[in-house]
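Novice: Next come the chains, spelled out residue by residue.
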Amino acid sequence: DQQVKQNSPSLSVQEGRISILNCDYTNSMFDYFLWYKKYPAEGPTFLISISSIKDKNEDGRFTVFLNKSAKHLSLHIVPSQPGDSAVYFCAASGGGGFGNEKLTFGTGTRLTIIP
Amino acid sequence: ETGVTQTPRHLVMGMTNKKSLKCEQHLGHNAMYWYKQSAKKPLELMFVYNFKEQTENNSVPSRFSPECPNSSHLFLHLHTLQPEDSALYLCASSRGQGNSPLHFGNGTRLTVT
Numbered sequence: 158d159q160q161v162k163q164n165s166p167s168l169s170v171q172e173g174r175i176s177i178l179n180c181d182y183t184n185s186m187f188d189y190f191l192w193y194k195k196y197p198a199e200g201p202t203f204l205i206s207i208s209s210i211k212d213k214n215e216d217g218r219f220t221v222f223l224n225k226s227a228k229h230l231s232l233h234i235v236p237s238q239p240g241d242s243a244v245y246f247c248a249a250s251g252g253g254g255f256g257n258e259k260l261t262f263g264t265g266t267r268l269t270i271i272p
Numbered sequence: 003e004t005g006v007t008q009t010p011r012h013l014v015m016g017m018t019n020k021k022s023l024k025c026e027q028h029l030g031h032n033a034m035y036w037y038k039q040s041a042k043k044p045l046e047l048m049f050v051y052n053f054k055e056q057t058e059n060n061s062v063p064s065r066f067s068p069e070c071p072n073s074s075h076l077f078l079h080l081h082t083l084q085p086e087d088s089a090l091y092l093c094a095s096s097r098g099q100g101n102s103p104l105h106f107g108n109g110t111r112l113t114v115t
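Those protein sequence lines, which keep their order, are chains A and B. Under the working numbering, the first sequence has 205 at position 48, and the numbering climbs by one with no breaks. Under the working numbering, the second sequence has 97 at position 95, and the numbering climbs by one with no breaks.
Please note that a few of the clues may not be correct.
What the hints assert, rightly or not - Straight-line distance between alpha carbons at most 27 Å, and here's what the computed DSS-like set of lysine-lysine pairs gives:
#1 B:LYS43 <-> A:LYS228
#2 A:LYS225 <-> B:LYS43
#3 B:LYS42 <-> A:LYS162
#4 B:LYS54 <-> B:LYS42
#5 A:LYS228 <-> B:LYS38
#6 B:LYS43 <-> B:LYS24
Said to hold, decoys possible - Residues of chain A clear of chain B, computed beta-carbon distances all greater than 10 Å:
#7 GLN159
#8 SER169
#9 LYS213
#10 ASN214
#11 PHE246
#12 GLU258
#13 GLY263
#14 ILE271
Think of the hints as simulated: they come from the structure by calculation, not from any bench. Each residue gets a CB set at the ideal place from its N, CA and C atoms; glycine is no exception.
For reference, chain A alone in the conformation it holds in the complex (with noise of 0.2 Å):
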């Protein structure tokens, strides 16, 4: 049973536009979650999260939104650069007692972005 889906393997966008990548959930445990970025023959490096008791959080080009009646989350990259290409996976984490901070991962989106 998967708790944390993207169900768009693959996305593609053109540069200077905005990308959005979705994640849902079904665990309602999960209070943290986390977008994680890789590259080919890397490990993911983590990109943004969100605690559960906001809504929004912004770095720079990303942002996060959760919305946790409908337990889901979008990741916005705005604007969209070809760097930005990569796959996207989307975790979360909690309800594991404290500094438990194991991460369950959904099965990520590729991100094309086209120049």
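Given the coordinates of chain A, assemble chain B onto it according to the supplied hints.
Specialist: Positioned in the frame of chain A, the structure of chain B alone reads:
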């Protein structure tokens, strides 16, 4: 330079071999993790260590044996693996104090022949 270093980057082994994967973190973190990434599947948690103590074994077969001698080092000992164990094995670390991100190494690409 990544704060989490994994060696080797690539490993090919036969089903009767014994090998070990090594991970070292230079971030002063207290928790370390092994994840497995197979094709078309999400990253799967294998083991969690917090302050050198194993706090989670996610139903991993005994042919995978982790070792955490201190908070900076983590090993994954491999023996009598199967071809379906071929995957990317990722090590990660975190502060271990709740709600902080995991930092990953670049992984070991394992092929079992």
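Novice: Could you run down the list of hints and mark each one as holding or not?
Specialist: These are the hints, each one checked on the structure:
1. B:LYS43 <-> A:LYS228: Holds, at roughly 21 Å.
2. A:LYS225 <-> B:LYS43: holds, 25 Å
3. B:LYS42 <-> A:LYS162: holds, 13 Å
4. B:LYS54 <-> B:LYS42: Cα-Cα ~32 Å, so violated.
5. A:LYS228 <-> B:LYS38: holds, 26 Å
6. B:LYS43 <-> B:LYS24: holds, 23 Å
7. GLN159: The assertion about GLN159 (chain A) is violated, with a minimum of 7 Å to chain B.
8. SER169: holds, 20 Å
9. LYS213: Label holds. Min Cβ-Cβ 17 Å, cutoff 10 Å.
10. ASN214: holds, 13 Å
11. PHE246: violated, 7 Å
12. GLU258: GLU258 (chain A) is in fact no farther than 10 Å from some Cβ atom of chain B, at 5 Å.
13. GLY263: violated, 6 Å
14. ILE271: holds, 24 Å
Checked against the numbered hints above, the structure breaks hints 4, 7, 11, 12 and 13 and satisfies the rest.
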